[in-house]
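Peer 1: Chain by chain, the residues:
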Amino acid sequence: MLSIRNLEASYGRIQALHGVDIDVEAGEIVTLIGANGAGKTTLLMTLCGKPRAGKGSITFEGEDITRLPTYQIVRRGIAHAPEGRRIFPRMSVLENLQMGAVTVDPKYFADDLDRVLTLFPRLKERIGQRGGTLSGGEQQMLAIGRALMSRPRLLLLDEPSLGLAPLVVRQIFDIIRDINRQQKVTVFLVEQNAFHALKLAHRAYVMVNGRIAMSGSGAELLADAGVRAAYLEGGHEAPPPRPAPEAAP
Amino acid sequence: MASRLASKSPAATLVKDSAAAALVAALLALPLLGFRMTDTARGLVLDYRFPLVLWSAGVVFAGRLLFTLAGAAIGRRLAARPPRAAARRWPLSGGRGRALAGWAMVGFALVLPLTPFGDRNLVDKATLLLIYIMLGWGLNIVVGLAGLLDLGYVAFYAVGAYSYALLSQAFGLSFWLCLPIAGLMAATFGMVLGFPVLRLRGDYLAIVTLGFGEIIRVVLLNWQSLTGGPDGVYDIKRPSFFGLPFSAFAPEGHQTFAQFFGLAYSPNQRIYFLYYLILILALATNLFTLRIRRLPIGRAWEALREDEIACRSLGINPTKTKLSAFAIGAMFAGFAGSFFATRQGFISPESFTFIESAIILSIVVLGGMGSQVGIVLAAVLLVGLPEWFRDLQLYRMLAFGGAMVLIMLWRPRGLLAHRDPTILLADHPAPSPADPTAPSEVSP
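Chains as they are written, first to last, in the numbering used here: chain R, 1 to 249; chain Z, 1 to 444.
Calculated directly from the structure, the hints in this document are not laboratory data.
Any given hint could be a false lead.
The list that follows gives simulated cross-link-like pairs (lysine-lysine, DSBU-like), each with its CA atoms no further than 35 Å apart [claimed, not checked]: (1) R:55 <-> Z:320; (2) Z:320 <-> R:50; (3) R:199 <-> R:55; (4) R:50 <-> R:107; (5) R:124 <-> Z:320; (6) R:124 <-> R:107; (7) R:199 <-> R:50; (8) R:107 <-> R:184; (9) Z:237 <-> R:107; (10) R:184 <-> R:199; (11) R:199 <-> R:124; (12) Z:237 <-> Z:125; (13) R:50 <-> R:184; (14) R:124 <-> R:184; (15) R:184 <-> Z:320.
Not everything, but these chain Z residues come out facing chain R in the computed CB check (under 8 Å) [stated by the list, open to error]: (16) 314; (17) 317; (18) 423; (19) 424.
Just so you know, even glycine gets a beta-carbon here, dropped at the ideal spot from N, CA and C.
Start from the sequences, fold in the hints, and give me the full structure.
Peer 2: Shown next as structure tokens:
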């Protein structure tokens, strides 16, 4: 469905991605884990066309989308719930969801709204409230719900667990699984919370310094000693290929 | 403020605070008031006026003292009330109340010329006020909705005014024909400005738009052959009532407005006609804004103001969205400009200086960024009051500055900062008026 080949991207003179290859098949949950600054968010942003890919190609459902402007990429059926949620703080929950549906024929709006509110009952309770007054978890739900309103076939999630309490993280990940199973939406998840992400994912990639260091099924990587040491247990053993100075959350 | 005073020795803090304010005032007053050059027979002489400096420091000391005491007293009173009651005290804070206030204002504006105090002078001033309200509503599209800080809005006003003036002089076109042309011209200029500033935001955008406004004025000033330069354009045709002129005598074979309706000629008729004309134009602007907020493009403007990156990721084309905001905002300035030209009968670049842009922007900001009724209140405050209090003469600007300071102190987010959602679910009520106005992030 999505295939990334030899992708390079840079911010000015600093290169952030060095030839990344990733494949996402329809119906999968694929996760990309890695430490701070490994290039995970850059990869998602490059998928969306900002920054532009310096080299390599991004193909979505057989179409080359490497050079398309961001708003065109979204219209192809890729929705992005960006890092830090980025909901519209002064607009109500309902208006936020409405903004998610700008690319969609208005005749689907009522049904889609119903679907999203069933998925996130909390949003239904808060429907008239300003986005900025929601709690962090609710804001994350709103960001995902807003992305779903564009009827995506591929959902890009950037650190949905960021800054959330462990209980809320569990809840969000359960919902992501539901979205994948029930709504038949392919999910590409970028996470620092490796444990939850690997448990959820069918397949996973590990990114270190702008390169893919490892890949495999979620269960495989979860069992891998190096991954455990680097991303799950606080880095006691020498992990491959480079130690990431980060404790598991 | 109340709690701070209570925690330390209140009197000492109070005096220290006031003394600090007085010191600042004295330092400022020393160069401004303390010295004066006077021209005498022996040449320029430096006058010392130190008592004035002491006086100003004293006034500031007393003022600060009283202000703090009053603030503390009000704070205590508010704290004693339940918060809901405090919200209730503002009759305009709810969505319904605001709508009612809006309708009341429209009704009042409609009957104003018919009331006993609606004399020629008042209606003329109200016309001026309405021009600024219309400009405020127009700029609100750019600044309030789309969040693009535009300091050169007066340029589009000028484009509209000159479009009408020059078209009617060169080709004898009527006001009604020129109005859409002027709007179109202004919108085109809005796009022209929009293209280079698409990537700019905030302060940088403000600086470029400021420059653009000045460019237009300087071009008008120097393009002598087209615009008449500093002499301006005069003898601009007055508007007619569907071809019936508002004059004492009609040209051969024509009728005047008064003759056609069998009325006695009165110069007031034109004043009243102009008043209703700008009222209609302004209300059209308002209606347009209220409607477009519910349409995808209007919602996209508001979303763009909130978060541009999120907008991109939702499939909104920011280029198109920004340009349309610039163009439509400019179009209304163009309409207002051609009205201004026909009302004044004379325009020159002097009517379109930066201070006009600043006043219009202040109206939008003081009104509460996006609030239509707030803009009316702010326009009354910023344009109406200085007009009515012309008797105060030089103290006018002092009172103006004082009013601005008071608003900043008491309504820092604008007179009416509340934003109503454009869409509600049938079975879910709007958030209560007690809903906090400041968006605050709540962590889980």
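Peer 1: Against the structure, test the hints numbered earlier, and report the numbers of the ones violated in rising order.
Peer 2: 9
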